[in-house]
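Chains as they are written, first to last, in our numbering: chain A, 1 to 280; chain B, 281 to 578.
Hint data in this document are derived by calculation from the structure and do not stem from the laboratory. Computed from a prediction, not measured in an experiment: that's the story for all the values here. Heads up, a few of these hints could be off.
In silico BS3-like cross-links for lysine-lysine, where the CA-CA straight-line distance does not exceed 25 Å [said to hold, decoys possible]:
#1 B:K340 <-> B:K542
#2 A:K108 <-> B:K340
#3 A:K8 <-> B:K486
#4 A:K108 <-> B:K542
#5 B:K486 <-> B:K474
#6 B:K542 <-> A:K223
#7 A:K8 <-> B:K542
Just a few of them, taken from the derived set where beta-carbon distance is under 7 Å, the chain A residues facing chain B [to be verified]:
#8 G132
#9 L197
#10 I200
#11 F215
Stretch-level coverage of chain A by chain B, calculated; a stretch enters the list once three of its residues show a Cβ under 8 Å from a Cβ in chain B [to be verified]:
#12 112–119
#13 163–174
We put the CB at the ideal spot given by N, CA and C, even for glycine.
Letter by letter, the chains look like this.
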Amino acid sequence: MRKRHTPKDRLITVALHVALAAGLFFAAFPIYWMLTSSFKSNTEIFALPPTILPKAFTLEAYAAILGDPVKLRFFFNSYFVAGAVTVLTVLIALLAAYGFSRFNFRGKGSLNTLIISTQTIPPITLLIPFFGLVVSYGIFDTYVALIVTYLVFTLPYAILLMTGYLNTLPRDLDEAVAVDGGSSWTALWRVIVPISLPGIVATSVYTFLLCWNEFLFALTLTKSTSMRTVPIGIQLLMGQHAFEWNQMMAMSVLGSLPLLLIYLLAQRYFLAGMTAGSVK
Amino acid sequence: MTPQKRSHHRLKRAVAPYLYLSPSLIIISLLMLLPMVTVIGYSFQNSAVLRRDPSFAGLKHYQAIFADPVFWASLWHTLYFTCMSVVFHMTIGMIFALMLNSDRINPTLRNILRVLYILPWLFTAVIIAVIWRLLLEPNGVVNSILMQLGIIGSKVEWFSSPETALHAVTFANIWAGYPLFMVSLLAGLQGIPKDFYEAADIDGAKAYQKLIFITIPQLMPIIISISLLDFIWTMQVFPLIWITTGGGPIYSTEVLSTYTYKLAFSSYNLSQAAASAVIILLISLGLTLFYIRYQKAR
């Protein structure tokens, strides 16, 4: 129906592409600036007029970060905590999701509502009692404190994501196990888990990202430099040498690598997780 | 199966879901519901956490908060920051989704742009804060571009002058948050049946009429539920503001979360901080109730 190739039509197409270019500048320029600044010297970052590409390309900022054991420890802590929480969350959430997806029981509806509403509890509200608890149990400034607190924030999302995935799988499969006299536990591990790998991957990815990004609890529940995670490390770097912008950008690039890699390699799973809260 | 075996089986079926759910429920009750009760308790005590046998304080801490002008300023800043963020997240997300969905662009370009437009979403709040501090440094690239274009006459201290700081953090948050809307609306657009538009074409509808009478009404459920979630989450933003301005200068970017954090961990007034945290919890719960009702009505 549409009339093509009239001058007006061509004008609209050109205008659309100009708008797309403007959108691209808005979305990507800050990231581009971070990336190129990490390859510049500190003086060049503030050169007038600004240099679009590094004039004197240098890896000195990366060398400074990767050669410093204190900063490498931040990365180790982040990977360790996020990895541990991901394993625990996926296991616990898988069991809960199996219960929600395959059984009808009293209180199912209200439990589901409870889990949906816990997603919106403000972290700052839980921070104060957590601080009190962590101090009184003597786990302040330990991995355990971070792992336990993160678990509470990742679990509701993970349960909803996994339940959503299990609901898409046909029930005949696990019913076949029941007919053969197998328990629901057997059905879970023999039948459900092997075909749920995409759901498990999506849940793991999202859980990992939530932990990797966490700031408020890492800031409050740890104290010594050796227990700090990457986000806190970046903040510390900012306080120590407020003018080492190239190092801060290099650390930011390194700190964004897991997310960027997951996004590029597993875009589908990434988006499944990121929009999980909103489509339920 | 013998009848005995069958009743045993039925019993197992009845108990099983609770067993599968129990680890999650134990964690959620002990680490989410119990702490919520605890924080409410703290807000009625004197020297909560800090003393072993705190005395009852009544409503003292709530009165202190409501009498504090910084609390009211924080509430106002939170409201401004959140409303502006949600409105612009929605507008930018909608514009980008509509542009990407247009059949006037080539599919390869569309796929490349979709990946690039999502970029801000891939960065942690702390990193977003650091990036914007670099961009908005007085000697930074934004000032030098704006000065070359003649939009500003002299260097603006975006994050450190009280007139611009709140706008600057809001802008950074707008940049960081629109992809959620974009991705969800794009998925929604692809779900609108093509015949709606074909029927409108036959009736000779103009592009803007199709937008107002087909596209927007079809996307309304997504727009409402994402706006509510975005509102709840933006209200709780902490790291972005903490790292860019720390709530300053002179409280000009203080929001409820930074206000509460400072009460607790700079002034060590944990009781009053607990009262403030309860107020934030009540606002969030009110909005959550609204969100759940809306989701159920759908």
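Open item on the list: So, against the hints stated earlier in the document, which numbers end up violated here?
Closed with: 2, 4, 7, 9, 10, 13
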